[in-house]
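Residue numbers (this note's numbering), protein chains in the order written: chain A, 3 to 350; chain B, -3 to 321; chain C, 15 to 529; chain D, 172 to 497; chain E, 62 to 393.
In case anyone wonders, no lab produced these hints; they're calculated from the structure.
Fair warning: there could be bad hints in the mix.
Quick partial rundown of chain D residues pointing at chain E, CB under 10 Å, derived from the structure [stated by the list, open to error]: (1) L438; (2) Q440; (3) A474; (4) I475.
Taking lysine-lysine pairs in the DSSO-like style, the calculated list, with each CA pair at most 27 Å apart, reads [stated by the list, open to error]: (5) K217/B / K242/D; (6) K70/A / K180/E; (7) K118/B / K67/A; (8) K70/A / K118/B; (9) K180/E / K242/E; (10) K180/E / K67/A; (11) K210/E / K242/E; (12) K297/C / K483/C; (13) K180/E / K210/E; (14) K471/D / K481/D; (15) K236/B / K217/B; (16) K236/B / K299/D; (17) K242/D / K481/D; (18) K217/B / K62/B; (19) K471/D / K217/B; (20) K236/B / K62/B.
Ideal placement from N, C-alpha and C gives every residue a C-beta, glycine not left out.
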Amino acid sequence: MSAVETTPPPVDLGKRWRITSRMAGVAVAASLSMLLSGVGLPPLVSRIILLVGLIVLAAALLKGKYRKFFSGPSAYVATASLLLLVVLAIFATELSPQNPYDLRQLDIMDGRLPPGSTTFDGSMTFHLGTDEQGRDILSGILYGLRVSLSVSIAATLAAMAIGVVVGIYSAWAGGRIETILMRIVDFQLSFPSILVALMLMAAFGRGLDKIVIALIIVQWAYYARTVRGTALSETRKEYIDAARGLGLPDWRIVFGHLLPNCIPPLIVISTVQVANTIVLESSLSFLGVGVPITQPSLGLLIANGYGYMLSGQYWMSMYPGVALLAIVASINMVGDRLRDTLNPRLTR
Amino acid sequence: MLVFLLRRLAQSVFVLIAMMIVVFFGVYMIGNPVDILISPDATPLEVEETMARFGFDQPVHIQFLKFIGNALQGDLGRSFVHGEPAVQLILSYMPATLELALLGLIFSVMIGVPLGVYAGYKADRWQGRAIMTGSIFGFSLPNFWVGMLLILIFAVELRWLPSTGRGETVEVLGMRLSIFSADGLQYMILPALTLALYKASLVTRLARAGTQEALMQDYVKFARAKGLSETRILVVHVLKNIMIPIITVLGLELGSMIAFAVVTETVFAWPGMGKLLIDSITTLDRPVIVAYLMLTVIIFIIINFTVDVIYTLLDPRVRVRGEAT
Amino acid sequence: QDLRIGFASEPSSADPHFHNVGPNNQLRRNVFESLVGTDEAQQLTPLLAESWEPVGDTRWQFNLRDDVTFSDGSPFDAYDVVYTVCRIPGVPDSPSLFTTYTGGITDLEVIDPHTLIVHSAEPYPLMPTEFSTFGIISARANGVDGAAIEFSPEGCGDLNYPATQAFNDGSIAIGTGPFLLESFRRGEGIELVRNPDYWGEAAPWEKVTMLPLTSEGPRVAALIAGDVDLIENPPLQDLERLRADDTMRVVQGISNRVIYIHLDHEQEPSPMITGTDGANPLKDIRVREALTIAVNRDAIVERIMGGVAVSAGELLPPGMFGAHDEGDLPPRSFDAERATALLTEAGYPEGFGITIGTPNDRYINDAQVAQAVAQMWARIGIETEIDASTASTFFSRRNAFEFSAYLAGWGAGTGEMSSPLRALLATRNPDLGLGGTNRGQYSNPEMDAVLVEALRTVDDTARQELLRKASRMAMDDYAIIPLHYEVTPWAMRAGLDYTPRADQYTLPYLIRPVE
Amino acid sequence: MSVLDVRDLQTHFFTDAGVVKAVDGVSFSLDAGEVLGLVGESGSGKSVTGFSILRLVDAPGRVVGGQINFKGQDLATLSNREMRSLRGNRIAMIFQDPMMTLNPVLRIETQMVEAVRAHHRVSHAAAKDRAIRVLARVGIPSPADRLAAYPHQFSGGMRQRVAIAIALLNGPDLIVADEPTTALDVTIQSQILAEVQELARETGTALIWITHDLAVVAGLADKVSVMYAGRIVESGPTDDVLTAPGHPYTEGLLGSIPGHGRRGERLTQIPGMAPNMARLPVGCAFAPRCHRVDETCRAKAPAITDIGPKRGLRCFHPIVETEGAA
Amino acid sequence: MTAMLELNGVSRRFEKKLDGVERLARRLGADLRETCVNAVDTASFTVARGEVVGLVGESGCGKSTLGRMVAGLLPVSDGEIRFEGIDITDARSARAREKRLRIQMIFQDPMSSLNPRMKVADIIGEAAVYHGLTNRQSVADYVDQLLEKVGLDRAFAQRYPHQMSGGQRQRIGIARALAVKPEFLICDESIAALDVSIQAQVINLFQDLRRDLDLTYLFISHDLGVVEHIADRVVVMYLGRIVEVAPTEALFDGPRHPYTQALLDQVPRLGAGRQVFRTVKGEIPSPLNPPPGCHFHPRCPMAGPRCRRDVPRRITEGDHSTACHLHDGGTE
Ligand SMILES: Nc1ncnc2c1ncn2[C@@H]1O[C@H](COP(=O)(O)OP(=O)(O)OP(=O)(O)O)[C@@H](O)[C@H]1O
Ligand SMILES: Nc1ncnc2c1ncn2[C@@H]1O[C@H](COP(=O)(O)OP(=O)(O)OP(=O)(O)O)[C@@H](O)[C@H]1O
Ligand SMILES: [Mg+2]
Ligand SMILES: [Mg+2]
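Isolated chain A, as found in the complex (with noise of 0.2 Å):
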């Protein structure tokens, strides 16, 4: 036996840890939906429910090897700030000083304003400055997270799902199904996925919904061929021939056997797809086909501001631009440590 070995190690829960953190992941998800739908927020309860099952998953995730993930600065830097700002993206309602989403807090006459400024009447600074639309950055930025890290994280989510059943039903079933189903994926992939995005957003008018939709058409094909190159493999394994031997019928194989060690390659992916997605998104809004104008993500802002860069009103686009490289390198930093944590083969 070789000293490397060559199967990842399995995330490796005590029987409690397992509940736990399947009911976190319940809770992530209910909590995320309800987030999502938009319709209203969703209760403080069930937002706190959201954080804590999110660090419990992540505890999970990271069981046992606390210390490597933890090796040098960077990631203590990195999971500290993704942590803030995941807590200040779920209580954005609590902490932004306004509402930026509701037009009546806005007013017009505030707009324009530098950083430190005060309302008309005095009752509000705007720390961060404002907006032409009288629209506090800061309270911008703390809503535009939640929408940016919401919208990446579904539509992730939802391409994950569908690449993991494409890509495991294809590597199973092969033959003629697999061929045409890779066809499929391969023609998606062919086309670059800011052009599709673009091409649907354009055809489908702008919205919270349509831009998952489109961030999904254009991610699921990625996971489907990652899924079914591990499927392949995975299928290719003596455990696969044994529980064939052993009589099992093959939806137990394929979801009892194949399923689960498909899955965990893809964390790490996702981790980092996540914040390709949110600057996807961002790009989008900035090309003026992403989310509702009046619900600004971090792209938007960003866009908007951007034509005040020149002007010395640097703040509109400065911050909002700062928030999203924070988010997007703190999340693709934790992937980074993730997959050095995670990866077997730079194990020692």
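Using the hints provided, position chains B, C, D and E with the ligands relative to the given structure of chain A.
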């Protein structure tokens, strides 16, 4: 090789046909071009006449059949806006985009590979970590933002480089290119850098991963056991091995670079296909949109093909198998 | 002396008759002159025609200059006009023909080479205006003997016409204008050189390069960086900085374009209106008045438009033909309290929900303006959403009547009130060419009658009165919500000057060097 | 004078899970033309010993103690540059997996010529000549043509021959061969073994043959060292050690090899499994699996004792009782 | 002794057919052939109840393919496989499926043959529950018994595969197979990946199980020593064909086929002292285009013209059968 060619051809035909269908109906869903094209002063009657002139009065499937019929003869229609054959129009814009993407690619390799190899070599040292952190920022920065910042810094504040436009062009092989004139090159630097930044980070990471992986391989150890210098090991043994995946990825990325040129070209007013596409989307110039997408796909196919060939040339394992078949 | 100009949009062709659209028309004025010119305020001025006058009810006589030659040296005469009008309906693949302007011509009668009589079926007061919209090309240069042409609105027989492509590659770009087309490179720029034999005052520039810099930021950056000498439409937010800069000059002038919100007067239930049980509240004049006075135009002008706009009380700014004089029909003043009261009176004390459709890349700060209006409406209790999309999508949806309220703009091409009234508010009637852009389906037969009468009145004074009357009728009915008139700015390096134009054109031969 | 003299070599890996003492006090020496068999089970530190000699231990591993005298020079004192000029020149190494040791994207010619030119200022042509000669010697038919080939065009056995040829290129004084035949089929293995045997005889090159297969050692090596958990537990002339093992581990190992006429019998089995190298017991590392264990063994690690001519043993309770054993 | 398992002319070909594109290319003149590997070529032998049959041969000679066909993991191209008299060639029939469960396989790589994400208890218990050999309530006990049988502590039930050593994993693999109460075990290189000392443990385990559970084995290995130790009869394969079948002692004392002789000759042996290694010339030919006639003839020191021409038949003398022209009328 023949099989490979034929297979590629078959796949390409499939992709093209699928693309035609998807694109036609996709584009068809977006608005009515006449609403944009016609002068606001025009009377409803004139609107109708214009619709008829472009054939919009016919049912979708008839339009589609016509489109397919023409497309099979290589005619993707005339631009509504410019009145020129769409393909010709795009071809006239294409050199600008291609040279930009190419320079971007060169930048990203020039920046990415050395950094990546070095980072891989010093993976556990601060140098390696610093490069990796830098690369994360590299690909976390949105394209449009970078472009604007570069303009602000290099064109407006420092005035080192021109901000937008194309500059002097030289006619080479019937294409007018900037890359061969000093003036033109100046104009290209900022947009190419913007375009290259993301890819450079990607290449850095790929090169680092590849280097790390390669350094763990027995053949590197064996090369060391032969008494080779570290430089030779990195430059010959490691580099040649990692160039294979890098070239593959980069080739594919060249495609997405051409696509992402949409954003960059908008920011830098670079007269390439991407800008033409955005303009065509705003004016709903359907034939141009369709032709753009079709041509992009063809470029993709050509790029993929070239990548495969290069891959074959680089990787003897594939090359020899290719000879055998 | 060279001049480099950064343009906000790019002409699609150098063919003067290919596409009736602003950028193309702007370019063609440099190379292909029309019979009649327009000045900064869109008043008609002599150009290739020295003078014109109505001859009876349905005829106009144009007296042409006799000292004009085309750039290939051939003389200009009335046959060239006939040839040009003949070519216009048949330009292949044109997305938008100039027949809009020539459609009313029933016959062209050449009295002598420099006298032309234009016939129409009905009284046609706008005929001279129509002759300011298209450029004249040479018959001779295209190998056609002008005198032999038999004019007919249906077609002039088998004549040789230049191909659009021939204009683009410069081979047949032969006009009478102050500039010659040197090169036309899509995306990269257009080069013009001075016409050495121009009949009028020679252009002040040896060579002009027109660069398409369609995004705002880069455009202004290019000016600041010194890459161009003048730009059109500098972004409003940069004006302050440019003004403060000694090396820059900014000029601005009111344009003929009004930004308005059109309301759905027809559909029931109206799309995207909520909280009214299917009723269309916009049919109620009290609601329309409430919506109109709930908007604080001055705030929008000051905050969103950076002061570079003028609050609007009707559809054409004061001073233009058919518009009221300053102060006669002022913008409705902002009165949120009264607006709330009106809503209650109309039976909507709780307000209702509405969505404003708006393009986000068509007019200056279009989506921002819509948002500001939404804010203001929200304050009187009307829950307002914004549906912003790119112009192409927006116009198609608007034309499919998908909005109950939408923001758009109208530039009066002819420079008179008939233009917006006819397009936006006249009852839709395709046969008469009325209400083409009346996507709120407003209908007011009394106003229609006044308007139609005005359209047939050749006498200017009478027509102006009729137009004013029609406009006041519509405004009193709160048929549409005018927001503001766009003011067009130009920014240039110090040392240049340009007189702002209502038609928003940037014409290189009018750009002057100053000390 | 011996070619190689390793004294108390210690190579440790400083991992997240703790310090792995992969090699912990290994000593042996080797004369010219001698073949030393280094045997032991997986993870016992054989390869690391080999790499330590060439100073090629990967991070996080480090040689932390002991001396490696190569022809009178302590390798630890050499600069990196000097060490490099020894590698592949005076000391060569062959690896286990012939699929992995040759760079897949470089021609055999490149890989051989660079090995010559790294150490000798000769022309490409001269280097190539030498390569052809050496390839012929390891039994590669028509070597001149094969030089242009890539590794994957060779079979496993052929590749291993190429690797051996590369090791022989500069006529080294010492070759460290790390399980070079383990991945090969029986018939191919015996071809290689025959080749190596002949070469060693002809050239006088000293050879360290690392393997876990006692049978191979029996047929090939002059002397053998048995490793367990980073230490040599027994060493001596091959025949002596294999016929009369002194250490219970050696005895167990021999007993657990099936098939010399003991058909169907139960094999002697060493209970338990190989120890975790990061958490070795205090005393004798083999104590937990040893049937002769007592308190002493658990308390304290035994030292190497000489138990006869050239025979060393690291055990408190050797099987063959000898005078002077502790 | 009635045969428990009977193979009659079982073959397995791996064909790579040309697809449409390739056929087109061939028509255009490309040098393309359908490739066909005869991984197993008309193999016939029997295994009696309670017997251990060793299957030896060099890498790529088709041992695993044969084993996998018997285990029902690979369809058979030709021939038939009977188990206790019942034709189980077609794995889909209900009868065959039931019988198949009696045949279990132990794999080579103890890591990849265990699902890394399942706990030992589930790995062992799953199939037993599914087939109703035990139920959810008592499965824990069932697993504990099996663990005990393979010599592991019951605490292992709660572990994951990566928390165990190679030998322990291999025991789990064995326990998993035993869970469905098999009568016939196919061990495909089941000990090759283990250390010598652990190998011995597992070999002993196999023998204990054979005795306790009355198991029959097909024991695939390339290690002659192991086969000699454990098997009653040995089947020798070369390049897809069976070249010799004989009782172990007979085979090791008097190998008849030149290949078997060479093989036995070349195995390094303990106790033989310093050996001078002798070699068979040449390499193992590619199974893609095997030599005509007797596959071994290019490497055979005794090959004659006939060997190049004719495929040798298997000639049985007593319980020793050989496929070699030397034993069938000479090589001329
Ligand atoms: N890079 C490394 N990091 C951490 N530990 C290592 C590393 N390389 C080797 N080791 C440890 O050093 C010990 C000795 O390893 P070595 O490779 O020398 O064993 P070996 O005897 O050659 O085994 P095999 O027969 O499997 O090749 C092992 O326990 C291994 O875990
Ligand atoms: N799925 C497959 N497709 C094509 N060829 C195959 C396939 N499986 C096996 N073969 C070929 O069949 C032959 C026999 O393979 P098999 O795995 O049975 O050999 P083996 O004797 O078990 O070898 P080893 O000792 O290496 O395990 C080989 O040449 C192999 O290349
Ligand atoms: Mg080793
Ligand atoms: Mg096998």
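Hints and how they fare:
{"no.": "1", "hint": "L438", "verdict": "4 Å, holds"}
{"no.": "2", "hint": "Q440", "verdict": "4 Å, holds"}
{"no.": "3", "hint": "A474", "verdict": "24 Å, violated"}
{"no.": "4", "hint": "I475", "verdict": "22 Å, violated"}
{"no.": "5", "hint": "K217/B / K242/D", "verdict": "24 Å, holds"}
{"no.": "6", "hint": "K70/A / K180/E", "verdict": "24 Å, holds"}
{"no.": "7", "hint": "K118/B / K67/A", "verdict": "23 Å, holds"}
{"no.": "8", "hint": "K70/A / K118/B", "verdict": "18 Å, holds"}
{"no.": "9", "hint": "K180/E / K242/E", "verdict": "20 Å, holds"}
{"no.": "10", "hint": "K180/E / K67/A", "verdict": "20 Å, holds"}
{"no.": "11", "hint": "K210/E / K242/E", "verdict": "12 Å, holds"}
{"no.": "12", "hint": "K297/C / K483/C", "verdict": "22 Å, holds"}
{"no.": "13", "hint": "K180/E / K210/E", "verdict": "18 Å, holds"}
{"no.": "14", "hint": "K471/D / K481/D", "verdict": "24 Å, holds"}
{"no.": "15", "hint": "K236/B / K217/B", "verdict": "16 Å, holds"}
{"no.": "16", "hint": "K236/B / K299/D", "verdict": "22 Å, holds"}
{"no.": "17", "hint": "K242/D / K481/D", "verdict": "20 Å, holds"}
{"no.": "18", "hint": "K217/B / K62/B", "verdict": "63 Å, violated"}
{"no.": "19", "hint": "K471/D / K217/B", "verdict": "37 Å, violated"}
{"no.": "20", "hint": "K236/B / K62/B", "verdict": "50 Å, violated"}
The structure is inconsistent with the numbered hints 3, 4, 18, 19, 20, although it conforms to all the rest.
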